[in-house]
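K.L.:
What follows is the residue order along each chain.
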Amino acid sequence: MSSQTTKLKVDHRDGKLAMAHFYVAFIALTLGGLMGLLQTLVRSGKFELPWGIDYYQILTVHGVLMGLVLTTFFIMGFQYAAVSRTAGTHSPAARRIGWIGFWVMTVGTIMAATMVLLKEASVLYTFYAPLKAHWIFYLGMTFVVVGSWLDGAAQIMTYARWRRENPGKPSPLLSFMAVINTVLWIVATLGVAATVLFQLLPWSLGLVDTVDVLVSRTLFWYFGHPLVYFWLLPAYMCWYAIIPKIIGGKIFSDSLARLSFILFLLFSIPVGFHHQLTEPGIDPAWKFLQVILTFMVIIPSLMTAFSLFATFERFGRSKGATGLFGWFKVLPWNDARFTVPFIGMASFIPAGAGGIINASNQMNQVVHNTIWVTGHFHLTAATSVVLTFFGITFWLVPHLTGRVLTKAMNKLAIIQGWVWFVGMAFMSGAMHFQGLLGGPRRSAYSTYGESAQAMEWIPYQIAQAVGGSILFLGIILMIIIFVNLAFFAPKGEEEFPVGEAENLEEKAPMIFENWKLWLGITAALILFAYTIPFIDMIQNAPPGSPGFKTWGSW
Amino acid sequence: MHMHKFEKIWLIFGIGALVVFLSVVGVSAFYLGNKPPSCLTTIDPEKVDTQAPFNKPGLNKVEGKEWDYELVYVASAFFYNPAEVEVPLGAKVKVMATTKDVIHGFQVAGTNINMMLEPGYVNEIVTTFDKEGEYLVVCNEYCGTGHHLMSSKIKVVKK
Amino acid sequence: MAKTELKTNKKTEIEDSSSLKGTMASVMFLGIFLVVTWVSVYFLFLDRF
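Residue numbers (this note's numbering), protein chains in the order written: chain P, 69 to 622; chain F, -13 to 145; chain S, 1218 to 1266.
One or more hints might be untrue.
Claimed, not checked - For each label pair, taking beta carbons as the anchor points, the in silico distance ranges come out as: (1) T390/P <-> K(-9)/F: 15 to 25 Å; (2) V1253/S <-> M(-11)/F: 23 to 33 Å; (3) G517/P <-> F1246/S: 39 to 49 Å; (4) L1263/S <-> I(-5)/F: 22 to 32 Å; (5) F1250/S <-> F266/P: 36 to 46 Å; (6) L26/F <-> I547/P: 49 to 59 Å.
Worth flagging that the hints you see were computed from the coordinates, not collected in a lab.
By construction, the Cβ of each residue, glycine as well, lies at the ideal position given by its N, Cα and C atoms.
Pulled out of the complex, with its shape left as it was, chain P reads as follows (with noise of 0.2 Å):
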């Protein structure tokens, strides 16, 4: 009973789930990653693809595996780790859906991985219709979807357990945040899910001639919009339930930290219309009504810059520093776990900033499908998340598998932080001014037949490709130090840590772990956001298209 819960170390039985989670998503980083330095070569233009290698393959996996495989997978098992370490030992039956979960994961993505190798897929991480992958693409996405339910469903199995076995009482902060993230994952998922089975899948497999294409990419963007919060939740719970252990100091409110979890809940999924603003066939007043929506999401990332900014401060304070800024000196800088996910925090100011922009409805056809949106991802998913999903690695991993962070790796580590820092500068800056001169994105090397503008983008790929060289650098260091905790540090005892409120006496309200209420909402701002223009839609829809393979064969 309670003496399975807040067990300081995770059951080794857990660890192993998790550390499988981590090999896929550290072996998607790799070759990711290369894919990423191999684009910003191609676009500089001093760079060919050998062996007829397409660049709109490569695209295709660097998407994949850094924007679907790395990221659940790693979140998968970073969350089913702090479940098990704050609300008790998995339960056997938990954790076996969560190895079938795992698995199906696995063996969607080889299957999906297997087409794009194929040539039978160049058509990116959202399979935009009526681009036409082979069936076995979709089929693969598919599993990657059900088992990441299945993975889901054990955090949630073991949620449940320590609230029955706890009445009364708010669940242990790192879980109630998991268990937000795995909902959000659910209901999102169920939009790509709908257009996979019930339009892509039939239509590749024949079964059906032609496809909606507005209504397919408005399910994946309901999909696509809270697929973000789904990497950035994570983040969240180690810079709000996690730093403050790391640094020394308190949990600034465990309530208000609860609060900004609901809200993403609530309004992270009746948005994706921000991502559809320059689209045909949908009225703008919906659109701008999503775009009212889009900004209430912002709402929570404002609480969450005081929380960490006050944390810091308090912690500061406490160990004598004064001035207005004073705290920021006192902060361990020398400790990676740390360091690496505050450049993520500090990089989260121009992410944030960019998004702020590209939700501005007619703001924004100043920055659509430019590659100013590729910098701006950079740096919200490819900074602040990524060095935060870091950051959770050099303690994680040796926890898990009975080392330590060593001296050594930990300088390692903060070297890899500054290395991505100076290498996203290059990348993503370069992106961001490209963009606002109209460079567009997902492009390989071109001059446009010369023409003026585009010459006036070569220099900025170049940049690019510099940050790209010195990105990938970052990577080989990442995986060096990841191969380390996972097999070769001493062994040893690395903590888990976990942040303790500030104000102990202040429990949080139950009423947050009302799930009847919170999900009812959830569900009555996506109907309110959707319904009509979703009927619009399909009531006024033209013919369908048919599939097209607009890309070359081996």
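Using the hints provided, position chains F and S relative to the given structure of chain P.
P.N.:
Coordinates of chains F and S only, in the frame set by chain P:
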């Protein structure tokens, strides 16, 4: 649940800024004619070439409308028709486009003309070409192997 | 001189160890950054056709 006074002030400032942003773009969109391209007109993607106005791509003078010209494009993998066009400086133009096959982007680099072309739909935007120059039209949505070779040219000239 | 000394004394305020002034300054910087970047792109939008 207690919120520090400073956090309340911060959130009021932050939410206030967001409200101002929304109001500015909202008024601009719905009262000053700057709604993002959202045409609701549908078309059969297999009959584009015979359906007006797409049977006559290019710059066409029009009468009795709020704009002086219609600039009509047909996109397909991997080119735009017309490949090149001249627009008089200061002309108020409705740019209209559709695609015959997959989704394409349509962006006039360095301008706010940026819209998605989806099979079965027409998209459009009305604007005044008030700056001279040669503008590259690029496809900014992946459409296949030739995606980065897909472009067109607009020359805005004093007439 | 006397006047400057008075000023320096007045400046030594008692610092509350639970003060969040640094937090306020930090989020305000963030807020201003958000406003400046947004307004810049908005003006770009207005300037372009």
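K.L.:
Do the Cβ positions of L1263/S and I(-5)/F conform to the proposed distance bound of 22 to 32 Å?
P.N.:
Cβ of L1263/S to Cβ of I(-5)/F: about 31 Å, so the range 22 to 32 Å holds.
K.L.:
For T390/P and K(-9)/F, compare the CB-CB distance with the range 15 to 25 Å and indicate the outcome.
P.N.:
For K(-9)/F against T390/P, whose Cβ atoms are near 21 Å apart, the range 15 to 25 Å holds.
K.L.:
Per the hint of 23 to 33 Å, is the separation of the Cβ atoms of V1253/S and M(-11)/F within bounds?
P.N.:
Check passed, 27 Å falls within 23 to 33 Å.
K.L.:
For G517/P and F1246/S, compare the CB-CB distance with the range 39 to 49 Å and indicate the outcome.
P.N.:
45 Å, holds
K.L.:
Just tell me: holds or violated, for the beta carbon distance of L26/F and I547/P against 49 to 59 Å?
P.N.:
50 Å, holds
K.L.:
Just to be sure I understand the hint, the distance between the Cβ atoms of F1250/S and F266/P should be within 36 to 46 Å; is that true here?
P.N.:
44 Å, holds
No hint from the list above goes unmet by this structure.
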